[in-house]
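**Q** For reference, the chains in residue letters:
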Amino acid sequence: MNEQTTHAIVAEGLIKRFGDTTALDGVDLAVRRGTVLGLLGPNGAGKTTAVRILATLLKPDAGRASVGGYDVVRDAHQVRRLIGLTGQYASVDETLTGIENLILIGRLLGLSRAEARGRGRELLAEFRLDDAANKPAKAYSGGMRRRLDLAASLVGRPQVLYLDEPTTGLDPRSRNEMWDIVRDLVSDGVTVLLTTQYLEEADLLAEEIVVIDHGRVIATGTPDELKSRVGAQTLAVRPKHAVDAPIVQSIVAQVAGRAPEAQGGLLTVPVTDPAVLPAVVRRLDEAEVPIGELALRGSSLDEVFLALTGHRAEDRTEDQNEPERIPA
Amino acid sequence: MTTAAATVALPRRVNPVEALRHTFTLAWRSLVQLKHNPLELLDLSIQPIMFVVLFTYVFGGAISGSTGDYLMFALPGIIVQNAIFASVTTGVGLNSDLTKGVFDRLRSLPIARSAPLAGRILADTVKQVWSIALILGLGVILGFRIHGGVQGVLGAFVLLLVFSLAVSWIAVLVGLLASEPEKVQIFAFVVVFPLTFTSNAFVPTDTMPGWLQKWVDINPVTILADAVRGLLSGGAAATYVVQSLLWAVAIAAVFAPIAVRAFKRRV
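As given, the protein sequences belong to chains A and B, one line each in that order. For the first sequence, position 70 matches number 70 in the UniProt record's numbering, and the numbering has no gaps at all. For the second sequence, position 88 matches number 88 in the UniProt record's numbering, and the numbering has no gaps at all.
Heads up, a few of these hints could be off.
[Unchecked claim] In silico DSS-like pairs for lysine-lysine, Cα to Cα no more than 25 Å straight-line: (1) B:K127 x A:K59; (2) B:K183 x B:K264; (3) B:K183 x A:K135; (4) B:K214 x B:K127; (5) B:K264 x B:K214; (6) B:K35 x A:K138; (7) B:K264 x A:K59; (8) A:K135 x B:K264; (9) B:K183 x A:K138; (10) B:K214 x B:K100; (11) B:K127 x B:K183; (12) B:K100 x B:K127; (13) B:K264 x A:K138; (14) B:K35 x A:K135; (15) B:K127 x A:K138; (16) B:K100 x B:K264.
Everything labelled a hint here was simulated from the structure, so no lab data went into it.
Based on the sequences and whatever the hints tell you, model everything.
**A** Put into structure tokens, the structure is as follows:
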């Protein structure tokens, strides 16, 4: 079998420049049919540009991409028949109600008035928006709005769905709902390209993760492969007295197997094995070093980047992972 | 990448019948917006009513000696001013779609590339007809007499719509280039307001300074106002109608290609 039949999305060497900035600098992507690919990167890494090219909204300066075997530039019209797009920039009409938005899209996709209404109602019920069906979209809460955006992109039952940061800015409950919806879609056979700033999100949903930075792919692999490379969690230790830093540093390095990063008195190191935490506690206790702060938490995007590239993500994003603190 | 046959056979293009249907659907969308945005409906209705009533009763006596005489003179001018202002809303709506992301959503759908623009223009034409009919109806109630017959009225409508369509290309261009809808409105205020006031739409030109009269005489708003006056009152209109159409053609010839190019760059 060749790539075209096993993969719903194939991109090769995509390059896109805006004036002096190179948004994409030779990006390759391949998404197998019926799977989720997580495109992970900080703001400005090029995630949105990549999605816009794959959704036929932008033409690449070089390279090529195909969706369902159709070239995104040459066969743009056919590609549009296959895709659904949800993102900050592909919005529903705020002035229309939920149902009117879905009817509009249904009608544009060639459904009859009755079919479009039926499909709209079905989607609103599925996404628990039936109570708000007749309210204008601008009156929706953030989570409702995202669900409506997603419903709008599903009217035509797309084979390939682009979700551009579907949970950015959502509260944890709405985020969980969104994740459930994505899982349901994938179990129905939809291929999903998901962009996110959250390692946790990519880890939960994606079969494969592509990490991009400055328009380049810097790592590709399954979540497990990636985590074993960069550490799924981060151990953070702050000695009570700055003079103890060297001792703590050497203990942490020995236990975790790599040198910690020091920043403002806080030592952090990515770890793959949670048993590292009790081991560190024991060693610190034996060395009688007083500790100000000790925590094991999910790695932030920043730390993933640090592990992969040796530099921090330039566009700092807020860390969504609440640290599990233990009293020191 | 290996080349292989596409897995599903899909049509390559939108056929013209579908394109027309997309346009009508998107025009429907713009009109449904009115239902939820009473402010816009107010803009389309109250503002013209206010203009007619205020101009007639505040300025009428001072300018023409009586409100009735002034109404006969100024109502066509008010209709023209309103039509030009209304055509700017095409640009405001288009810009709001672009900046809020609705446009990208539409572009990601397998629809005719021209439909978002054509649908909007079609809907705005419907709104134009509503405004013109409203002002004319109110004018008749207040004492405006139509001597031009049905042909005159129809002629005035068609001429106004053709002219507005030409002007809306300027609005489309501004709408495509502006970074936010408010800027399109500012443009309308800064350009359209002086343009319509330095004409004979509201005031006869003879009291204006000579240099201003020179401009007023060639101002397309003056020519269009005279054409509409002629058509509605049954007076001489042919020359003004032809000149108005020439202006419309000239405006469209300059701005439509630039606007379409700007549009295509975003499609």
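**Q** Below or equal to 25 Å on CA atoms is what counts here, so check K183 (chain B) against K138 (chain A).
**A** Distance ~22 Å between K183 (chain B) and K138 (chain A) Cα, so the pair holds.
**Q** Is the straight-line distance between the alpha-carbon of K214 (chain B) and that of K100 (chain B) 25 Å or less?
**A** violated (43 Å)
**Q** Just to be careful, I want the Cα atoms of K183 (chain B) and K135 (chain A) compared with a cutoff of 25 Å; is the pair within it?
**A** violated (29 Å)
**Q** Compare the distance between the alpha carbons of K264 (chain B) and K138 (chain A) with 25 Å, and conclude whether the hinted pair is satisfied.
**A** Outside the cut-off at roughly 29 Å; violated.
**Q** Is K264 (chain B) within 25 Å of K59 (chain A), Cα to Cα?
**A** holds (12 Å)
**Q** Tell me if the straight-line CA distance from K127 (chain B) to K59 (chain A) falls inside 25 Å.
**A** With Cα atoms ~36 Å apart, K127 (chain B) and K59 (chain A) exceed 25 Å; violated.
**Q** Does the alpha-carbon distance linking K35 (chain B) and K135 (chain A) stay inside the 25 Å limit?
**A** This hinted pair holds, its Cα atoms lying about 12 Å apart.
**Q** Taken at face value, is the distance from the CA of K127 (chain B) to the CA of K100 (chain B) at most 25 Å?
**A** holds (23 Å)
**Q** Are K183 (chain B) and K264 (chain B) close enough, with their CA atoms no more than 25 Å apart?
**A** holds (21 Å)
**Q** Straight-line Cα separation of K127 (chain B) and K138 (chain A) no greater than 25 Å?
**A** holds (24 Å)
**Q** Would you check the hint for K127 (chain B) and K183 (chain B), treating anything up to 25 Å between C-alpha atoms as holding?
**A** With a Cα-Cα distance of about 22 Å, the restraint between K127 (chain B) and K183 (chain B) holds, given a limit of 25 Å.
**Q** Quickly compare the C-alpha distance for K100 (chain B) and K264 (chain B) to 25 Å and report which way the hint goes.
**A** holds (19 Å)
The structure shown violates the earlier hints numbered 1, 3, 4, 5, 8, 10 and 13.
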